[in-house]
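Student: Start counting the sequence shown at 1; every next residue gets the next number (the numbering used here).
It is possible that some hints are incorrect.
Claimed, not checked - Simulated restraints, written as ranges between beta carbons of each label pair: (1) Leu48 with Arg4: 24 to 34 Å; (2) Asp95 with Phe65: 29 to 39 Å; (3) Glu128 with Trp93: 42 to 52 Å; (4) Ala7 with Asp32: 48 to 58 Å; (5) Gly54 with Pro10: 11 to 21 Å; (6) Asp32 with His75: 28 to 38 Å; (7) Met1 with Gly45: 18 to 28 Å.
As the list claims (entries may be wrong) - Subject to a maximum C-alpha distance of 20 Å in a straight line, what follows is the list of computed SDA-like cross-link-like pairs (lysine to any residue): (8) Lys94 with Asn82; (9) Lys94 with Leu73; (10) Lys94 with Leu79; (11) Lys94 with Met130; (12) Lys94 with Pro68.
If you're looking for bench data, these hints aren't it; they were derived computationally from the structure.
If you're wondering where the values come from, they're calculated on a predicted model, not measured in any experiment.
Think of the CB as a built atom: it goes at the ideal place given N, C-alpha and C, for glycine as much as any other residue.
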Amino acid sequence: MPGRLAAVEPAVRASAAASRLFDFRRTGQGPDAAWTINGLPFRPGTPLARPRLGTTEVWRLTSDFHHPVHVHLAHFQVLSRNGRVPAATDGGWKDTVDLRPYEVVEVLVRFEGFRGRYMMHCHNLEHEDMAMMADFEVV
Numbered sequence: 001m002p003g004r005l006a007a008v009e010p011a012v013r014a015s016a017a018a019s020r021l022f023d024f025r026r027t028g029q030g031p032d033a034a035w036t037i038n039g040l041p042f043r044p045g046t047p048l049a050r051p052r053l054g055t056t057e058v059w060r061l062t063s064d065f066h067h068p069v070h071v072h073l074a075h076f077q078v079l080s081r082n083g084r085v086p087a088a089t090d091g092g093w094k095d096t097v098d099l100r101p102y103e104v105v106e107v108l109v110r111f112e113g114f115r116g117r118y119m120m121h122c123h124n125l126e127h128e129d130m131a132m133m134a135d136f137e138v139v
């Protein structure tokens, strides 16, 4: 093991080109209830965001349940949890963040590499199977 791990450039909120909110929750009642993002069912080909390649954005993630949120293509750093400094376990670049019930987590997402359509989703298997996911398109 090396004496020092890779240096991680700290996230800078002021560098964000935009801020967005993504609310992960169960919407509706009874047999019509569904796991949704921003109250919407998964609609393939209809992106909830269109970030520009080479930019960063602040994404505010909220929930009503435990949702490990996974973002394809884009890596991010956790800026805050419930308005407080994140724990050491949130350090470094991530592609998944553990979002606990009624928690608010802000992340700085970096869009590098490739344009195209990608997705984010809850990594709870039954939520993923019930389409708790959304497209975003890097333009």
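Student: Now, for every hint given, state plainly whether the structure supports it.
Tutor: Against the structure, the hints:
Remark: the range hint 24 to 34 Å for leucine 48 to arginine 4 is contradicted by a beta-carbon distance near 39 Å. The hinted range of 29 to 39 Å is not satisfied by aspartate 95 and phenylalanine 65, whose Cβ atoms lie roughly 20 Å apart. Roughly 22 Å separates the CB atoms of glutamate 128 and tryptophan 93, a value that falls outside the hinted 42 to 52 Å. Remark: the range hint 48 to 58 Å for alanine 7 to aspartate 32 is upheld by a beta-carbon distance near 50 Å.
About 19 Å separates the C-beta atoms of glycine 54 and proline 10, a value consistent with the hinted range of 11 to 21 Å. Checking the proposed 28 to 38 Å range against aspartate 32 and histidine 75 shows it holds: the Cβ atoms sit about 36 Å from each other. Separated by about 45 Å at the C-beta atoms, methionine 1 and glycine 45 break the suggested range of 18 to 28 Å. For the suggested pair lysine 94 and asparagine 82, the alpha carbons sit about 18 Å apart, so the restraint of at most 20 Å is met.
Of the supplied pair hints, the one linking lysine 94 and leucine 73 holds, its CA atoms being roughly 11 Å apart against a limit of 20 Å. Among the hinted pairs, lysine 94 with leucine 79 is consistent with the structure: their alpha-carbon atoms are about 12 Å apart, no more than 20 Å. Our distance criterion of 20 Å between C-alpha atoms is broken by lysine 94 and methionine 130, whose separation comes to about 24 Å. Our distance criterion of 20 Å between C-alpha atoms is met by lysine 94 and proline 68, whose separation comes to about 12 Å.
In this structure, the earlier hints numbered 1, 2, 3, 7, 11 are contradicted, and the remaining ones agree with it.
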